[in-house]
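*Asks:* Here is how the chains run, residue by residue.
Protein chains: 2
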Amino acid sequence: MKLAERVRTGDRLALARLLTLIENNSPEGQDTLSELHALTGRAHRIGVTGAPGTGKSALVNRLTQHLRAQDDPPFVAIVAVDPTSPFTGGAILGDRIRMRDLSGDPGIFIRSMANRGALGGLAGTTSGVVDALDAAGFQWILIETVGTGQAEVDIAGAAHTVLVLGAPGMGDAVQTLKAGVLEISDILVVNKSDLPGAESAARALRAALELGPVDSEWMTPILLTSADNGDGIPELAAKISTHMEHLKKTGGREERDHARVVGEMERLLQQRLTDRFKAAQSDGDYERAIERVVDRELSPMRAIDELFQD
Amino acid sequence: MKLAERVRTGDRLALARLLTLIENNSPEGQDTLSELHALTGRAHRIGVTGAPGTGKSALVNRLTQHLRAQDDPPFVAIVAVDPTSPFTGGAILGDRIRMRDLSGDPGIFIRSMANRGALGGLAGTTSGVVDALDAAGFQWILIETVGTGQAEVDIAGAAHTVLVLGAPGMGDAVQTLKAGVLEISDILVVNKSDLPGAESAARALRAALELGPVDSEWMTPILLTSADNGDGIPELAAKISTHMEHLKKTGGREERDHARVVGEMERLLQQRLTDRFKAAQSDGDYERAIERVVDRELSPMRAIDELFQD
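Read top to bottom, the protein sequences are chains A and B.
Numbering-wise (the working numbering), the first sequence opens with residue 1 and increments by one.
Numbering-wise (the working numbering), the second sequence opens with residue 1 and increments by one.
A hint or two may mislead.
Repeated chains share a single entry, so a pair holds when one copy, or any two copies, can fit it.
Result set (DMTMM-like, lysine to aspartate or glutamate): computed pairs, CA atoms no more than 25 Å apart in a straight line [what the hints assert, rightly or not]:
hint, residue 1, residue 2
1, Lys2, Glu217
2, Lys249, Asp295
3, Lys278, Glu306
4, Lys239, Glu255
5, Lys239, Asp228
6, Lys249, Glu235
7, Lys278, Glu266
8, Lys248, Glu287
9, Lys278, Glu245
10, Lys239, Glu199
11, Lys278, Glu255
12, Lys249, Glu291
13, Lys248, Asp295
14, Lys2, Asp31
15, Lys278, Glu297
16, Lys239, Glu217
Please keep in mind that the hints were generated in silico from the structure rather than gathered at the bench.
This is chain A alone, in the form it adopts within the complex (with noise of 0.2 Å):
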């Protein structure tokens, strides 16, 4: 049978197969992802970020396990991107725990993502990572990454959920949040709420939220969750599946849609680009350029000049 149909029927060989292909960019798997595209569309895909040590594993894996506890589970699937070098072994740990929490259910799929992939980085390899999961029938689509700055602008693009993980005790609340991801978040979440200061810690948040722009068509609603305990779990849940239903309501899961595909085109068109343009390139005509600026012949702007000058 082909990859394509194998992934289709559930065979989980075949989904873990076909993702390394997509890490590797293999023209397999861009062939199978093709073959796949018109089963994608089905899964909310749910972006989970904060700074390091709130507790977005732990979260995550109550939250899975929370869901699968239901009445007719949804199938989930995880993606943990981690952008963190080998280097401490975040990740690594993490995913023990992970195991050890979710194993043995087929209905979870875990797939960690450390490395960059050849195609568009991390951005661009998620990407056709979290189509093929959706393509393979998961309903709940996990996307969990770490830290402020473009790995949180690129989950934004990614998912049509966005939860925002704050913890007491982690400094100034308001301060750790406030790269950029308030405005990204439609659920924000303080855990940990077991530990003192939470409750403090929601109120500044809050506080905060106040001072931005309204949005009158979604209050970002500020929950405490421990994922030590599971207080909080069945109403995080809850909340999610609400915005998803406002979102379906607003059409405002379309819009996410079309803006993720506009983004993902972008970063295929440039490096389709960029490969063509240096095939074409006569022999070290660009390195060239590039030693002319390194030399403070040519300023990098002009340098790019004279290479479209020909």
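On the provided structure of chain A, position chain B as indicated by the hints.
*Replies:* Only chain B this time, still in chain A's reference frame:
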């Protein structure tokens, strides 16, 4: 007098105007940068990064004051790159404190960049701004940015010496620093050393560093500083100078300059190629391709394939 000439001879108003032109990606800005390009390459570019709340701005201010109080003080420029939206106002607050501490000294020039600019996002614009400051004769250029993630990778690409800041009481110091920042740091700084826990944070960082790959040429030092009371600032300035000398001796400076130019050329090339491609498309072809992906007729990769077939 021409703008380039005015910048070269120390006219601060002309410099401010050039930076605005660069931020707006105006042709005059590019022409002027090009004329000034031969004068670049003299500054030492120092990146300062770390999680929100570690006191980056305060440390940069203190360090600048220390440098300016030396005999034969260097000209110092500060570029504060803040990917934060105006939402929480962190950038604005930091700027006010900065102006209070540093204004009135003609040997200091401060530029805040909170907008993504036209050209390849913040990274593209920062590069031109720093080049202009370099050409204008600033010997120390401190490039300050918040957060983990892409901003930090960018700063590592833009700087000769990268300072990564931590602070005690920010949760687990190693955790907050885990997302790839240990690898990019040339000097680790535990700021707010007047607070309890600074010594143990430094020990934890030392332990984390020892887990990593050993660079026999440069052992990343860990310094304790207090931007509040000035402790450790002279030692930090001295250590940066030591790193400068080290880079010059080992060829590391040329290596970093080369990598920086390669990165910038790549960004400009992508931008130029994408602009040209879109301009050359028949009306709406690219947009139609996007719609076909949204409608699940084609995978993104196949849509790009089709655009390149004609």
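*Asks:* Each of the hints needs a verdict: does it hold here or not?
*Replies:* To see whether the hints hold, each was checked on the structure:
| no. | hint | verdict |
| --- | --- | --- |
| 1 | Lys2 with Glu217 | neither (45 Å within a copy, 52 Å between copies) |
| 2 | Lys249 with Asp295 | between (58 Å within a copy, 19 Å between copies) |
| 3 | Lys278 with Glu306 | both (14 Å within a copy, 20 Å between copies) |
| 4 | Lys239 with Glu255 | within (20 Å within a copy, 51 Å between copies) |
| 5 | Lys239 with Asp228 | within (20 Å within a copy, 43 Å between copies) |
| 6 | Lys249 with Glu235 | within (21 Å within a copy, 60 Å between copies) |
| 7 | Lys278 with Glu266 | both (18 Å within a copy, 11 Å between copies) |
| 8 | Lys248 with Glu287 | between (50 Å within a copy, 24 Å between copies) |
| 9 | Lys278 with Glu245 | neither (46 Å within a copy, 36 Å between copies) |
| 10 | Lys239 with Glu199 | within (19 Å within a copy, 42 Å between copies) |
| 11 | Lys278 with Glu255 | between (35 Å within a copy, 22 Å between copies) |
| 12 | Lys249 with Glu291 | between (55 Å within a copy, 21 Å between copies) |
| 13 | Lys248 with Asp295 | between (56 Å within a copy, 16 Å between copies) |
| 14 | Lys2 with Asp31 | within (11 Å within a copy, 56 Å between copies) |
| 15 | Lys278 with Glu297 | within (22 Å within a copy, 30 Å between copies) |
| 16 | Lys239 with Glu217 | within (15 Å within a copy, 53 Å between copies) |
Hints 1, 9 from the list above are not met by this structure, while the remaining hints are.
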